[in-house]
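With chain Z fixed as given, assemble chain G onto it according to the hints.
In order, the protein sequences belong to chains Z and G. Be aware that the first sequence starts at 1, since it is given in full-length UniProt numbering, and climbs by one per residue. Be aware that the second sequence starts at 1, since it is given in full-length UniProt numbering, and climbs by one per residue.
Worth flagging that the hints you see were computed from the coordinates, not collected in a lab.
Residues of chain Z clear of chain G, computed beta-carbon distances all greater than 10 Å:
#  : residue
1  : L33
2  : D39
3  : L75
4  : T77
5  : K102
6  : V117
7  : D129
8  : Q137
9  : S144
10 : G182
11 : K272
12 : L287
13 : A289
14 : Q291
Pairs of lysine-lysine, DSBU-like flavour, derived with a Cα cap of 30 Å:
#  : chain 1 : residue 1 : chain 2 : residue 2
15 : Z       : K204      : G       : K163
16 : Z       : K102      : G       : K181
17 : G       : K175      : Z       : K102
18 : Z       : K111      : G       : K181
19 : Z       : K249      : G       : K153
20 : Z       : K36       : G       : K157
21 : Z       : K249      : Z       : K204
22 : Z       : K204      : G       : K140
23 : G       : K163      : Z       : K272
24 : G       : K68       : Z       : K204
25 : G       : K153      : Z       : K272
26 : G       : K181      : G       : K63
27 : Z       : K285      : G       : K157
28 : Z       : K204      : G       : K157
29 : Z       : K278      : G       : K157
30 : G       : K124      : G       : K157
31 : G       : K124      : Z       : K104
32 : G       : K175      : G       : K163
33 : Z       : K204      : G       : K153
34 : Z       : K249      : G       : K157
35 : Z       : K111      : G       : K124
36 : G       : K163      : Z       : K278
37 : G       : K163      : G       : K140
38 : Z       : K111      : G       : K163
39 : G       : K157      : Z       : K272
40 : Z       : K249      : G       : K68
Please read these numbers as outputs of a predicted model, since none were measured by experiment. No residue lacks a Cβ here, since even glycine has one placed at the ideal position from N, Cα and C.
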Amino acid sequence: MSEARTFGYYPGCSGMGTSMEYERSTRAVCEALGIKLVDLEDWSCCGSTPAHTVDHVLSAALSGRNLSIAESMGLDTIITPCPSCLTNLKTATHRMENPAFKQKVDALLDKPANNTVTVKSVLQVIYEDVGPETIRQQVVRPLSGLAVAPYYGCIMNRPPDVMQFDDPENPIAMDEILSALGADVVPFGLKVECCGASHGIAQKDVVTTLSGRLIELAYAENAMAMVAACPLCQMNLDLRQGQINAANKSRYNMPVFYYTQLIGLALGLPEKQLGFDKLAVNPDKVLRAIQEQSHVAQ
Amino acid sequence: MEVINITHSYDPAFVAEVEAESEQNVRLCYQCGNCTAGCPYNFAYDIPVSQIMRLSQTGQKDKVLGCKSIWICATCESCTTRCPNGIDVARIMDVLRHMARRYNYNTVPNVRSFVDAFLDSVEKHGRVFEMGLMANYMTKTRRFWTDADLGRKILPKGKISFKPHRIQGRDEVAKIFERYKEQQR
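Chain Z extracted, bound-state conformation (with noise of 0.2 Å):
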């Protein structure tokens, strides 16, 4: 490994509760890819989708701040694990261009930022500064036979001169890194379809419609997992799986990880680090077809 890559990091808020084995597993997989991450000080919520349905100057604002914090500290580059966040700060920085925009979102700061911080997610910087490649000479438990489905969520990559990220309609970042690990990669043809995203607790309906499509599609392709990049996605899919079932009269039973936790798990990571046991359905059982996969070809 080449010298450390330095990165302010913004964790997000549900890193602290309901996405807390993403966080983790995002901080172990950055470590010992040579990710260095640097803590935003003292940041604040980035306001999520409630703010930009509200208002978009509000919106901005509550990013502002963050990226102000992140100038002080002197830092050109942010990344964060989540989506929403990424969005939020994405977008505040894009339309902030606009000095009309500009204004009023700075009206609203008690330190406004000028704009020099870039914002990537984690997922981007781990496969365009680390590469598939490189992750791959790293592998020291390869997952064979573990199939599974690649589900980007439909924020990352969207709308695609916001987000300057792979692709919108067939993004392949996380494919390629999960074969590098030694998964096999189903074809997902859902990959950027919406979850129902936070629809969960308001219109209960929506999502278990949404994520109920998504994960059928898992089965037809003979998935043993699904894979998520995103804690409100994994949430919908892997804690509401049970809604879903009851919704549907379906009986799935499909682990979703994180893929931190993937690329943890090939590494060799402490198991503790990925926190799997903060999964709604246990893994288990997927986990230890992989283990027999090894032993098989030892």
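For chain G alone, coordinates are given in the frame of chain Z:
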């Protein structure tokens, strides 16, 4: 099929407002239907997104702001990504939600309550406090059984904190909301 006589109900001020706030030219939409074809939420909409675009062009304020679709859209960016004329349709949907709030349309009250509970939490603590957000949502909607089934799955995992993650700069965040509300008056 419903026929609307636009000579009587065209509201030019509404069109101008949508265009100014969204920084989009709604007249560019030629009704190809690509946004509706790709919209994952169409099954839950009362008006498909392409028709919302048409009704916005023709200044049908009450029909647009009074529909359910604008509250159910989750900004998945499918419409924006696929629009052949480069219209940021998702941004227009967002702006229509802003306007629906401003003009007191509340067609899907649970969605509005969830959004409000979320932002209350950010305003108060600087970061979202998931447990508090749920309690606030249930109080607002009186839907006390919401996700009761998930509690027994998530609580033993230690993923839900009973205390907010307060930050030092929560006053700075509260001030963002305070200034925003002052501007709205």
